[in-house]
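Chemist: Chains as they are written, first to last, in my numbering: chain A, 1 to 102; chain B, 1 to 110; chain C, 1 to 135.
I should point out that these hints are in silico values taken from the structure, not numbers from a laboratory.
Incorrect hints may appear among the rest.
[Stated by the list, open to error] Heads up, simulated DSBU-like pairs for lysine-lysine below, C-alpha to C-alpha not over 30 Å straight-line: (1) Lys105/B to Lys83/C; (2) Lys83/B to Lys105/B; (3) Lys52/C to Lys73/B; (4) Lys72/B to Lys83/C; (5) Lys69/B to Lys105/B.
[Said to hold, decoys possible] Label pairs and their computed distance ranges (CB to CB): (6) Lys72/B to Val89/A: 43 to 51 Å; (7) Arg89/C to Glu56/B: 28 to 36 Å; (8) Lys78/C to Lys72/B: 23 to 31 Å; (9) Ala73/A to Lys95/B: 28 to 36 Å.
Cβ atoms here follow ideal geometry from the backbone N, Cα and C, with glycine treated the same way.
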Amino acid sequence: MGTLHTVNKSPFQNQTLLSCLAHAKAGDAVLMIEDGVYGGTTGTAVSDALSKTDSDVSLYVLGADLAARGIDAGRVAEGVTSVDYEGFVDLAATHDRVQNWL
Amino acid sequence: MAYDVNGATIEHDEEGYITNLSEWSKELADVIATAEAVDMGEEHWAVVNFLRDYYEEYQIAPAVRVLIKSIKKSMGPEVGNNKYMYELFPYGPAKQACKIAGLPKPTGCV
Amino acid sequence: MSEVKKFLYVNRKAPYGTIYAQESLEVVLIGAAFDQDVSLAFLDDGVFQLTKGQDTKEIGLKNFSATYRALGDYEVTKLYVEKESLEERGLSLDDLQNIEYEDEDDDYAEKPSIRLVSRAEMAEVMADQDVVLSF
């Protein structure tokens with residue numbers, strides 16, 4: 001089922017998250033990891049792009065990377081789900097391919 | 001490690017590939033060939049010249065199958081086949097001929 | 001090797017500022033030995049890799065842009081270039097170098113390797129792969 005996209009850079013540093021969202025298709029999942037998790041927080045310059053993403057594209061952030069950066073679970077944007085490492089593995093296993101956006 | 005060409009010293013790496021590609025000359029090619037125990041004939045030179053032209057145009061030394069395919073096209077199947085090319089260059093037509101042609105080891109060779 | 005898989009190499013970085021573009025090209029050339037169905041995607045800053053007239057003499061780096069023209073010899077003949085990415089950077093197809101391959105099944109006719117696609121079409125290309133490798 002679809003593609004798991006991962007994004008590991010802050011969206012305030014480059015356009016990678018936006019490009020990823022623009023290429024994600026219904027049934028795909030986008031997982032923000034490492035500095036990518038800053039993109040999954042609420043009230044940012046990319047919030048609009050997140051909320052306009054096809055609702056059939058699932059959005060995730062890696063909880064461990066949120067915690068490491070001191071980002072409270074309450075600051076995760078609406079429509080974005082926090083997953084643990086096990087959830088990461090499940091996402092990789094349940095999608096047809098993984099595309100890492102570097 | 002270096003080759004000696006009429007008294008001039010040309011540096012090479014531990015496998016015999018020269019380190020500064022611009023130092024190549026036909027005389028150096030003969031010196032490298034002798035070190036490799038290859039007796040340079042007309043067809044050896046045709047392959048070496050082909051490799052140098054290919055590198056000049058594309059900035060890479062072609063992989064052996066690309067080399068053989070291209071030689072087959074330009075010089076015919078009598079030369080452009082695996083068996084004959086290995087007779088010309090027993091340690092590998094791409095690897096050994098590239099060394100004599102003064103080029104880096106072909107991309108993908110380990 | 002059993003079955004042929006579809007491999008897509010995704011190029012999203014400009015050529016000389018980082019090593020990504022050159023590394024990608026090298027992996028493509030090495031990977032070409034494995035007889036898979038290989039495509040290359042150029043989007044975002046990756047489209048800068050294919051511009052014509054590159055001259056690296058004064059920056060002391062190898063001009064590997066010439067090597068894209070050798071891809072046809074390695075049977076890599078599908079180079080997808082995203083139209084929106086070109087336009088956002090003030091470029092069009094005319095600014096890219098001409099890259100062709102010889103079609104062995106068509107009397108060695110020279111055919112263009114570059115295929116201009118929209119962002120939506122690029123998403124389709126990506127979704128159609130077995131393996132996606134990013135650079």
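Chemist: Which constraints among the numbered hints does this structure fail? Numbers only, ascending.
Modeler: 1, 4 and 9
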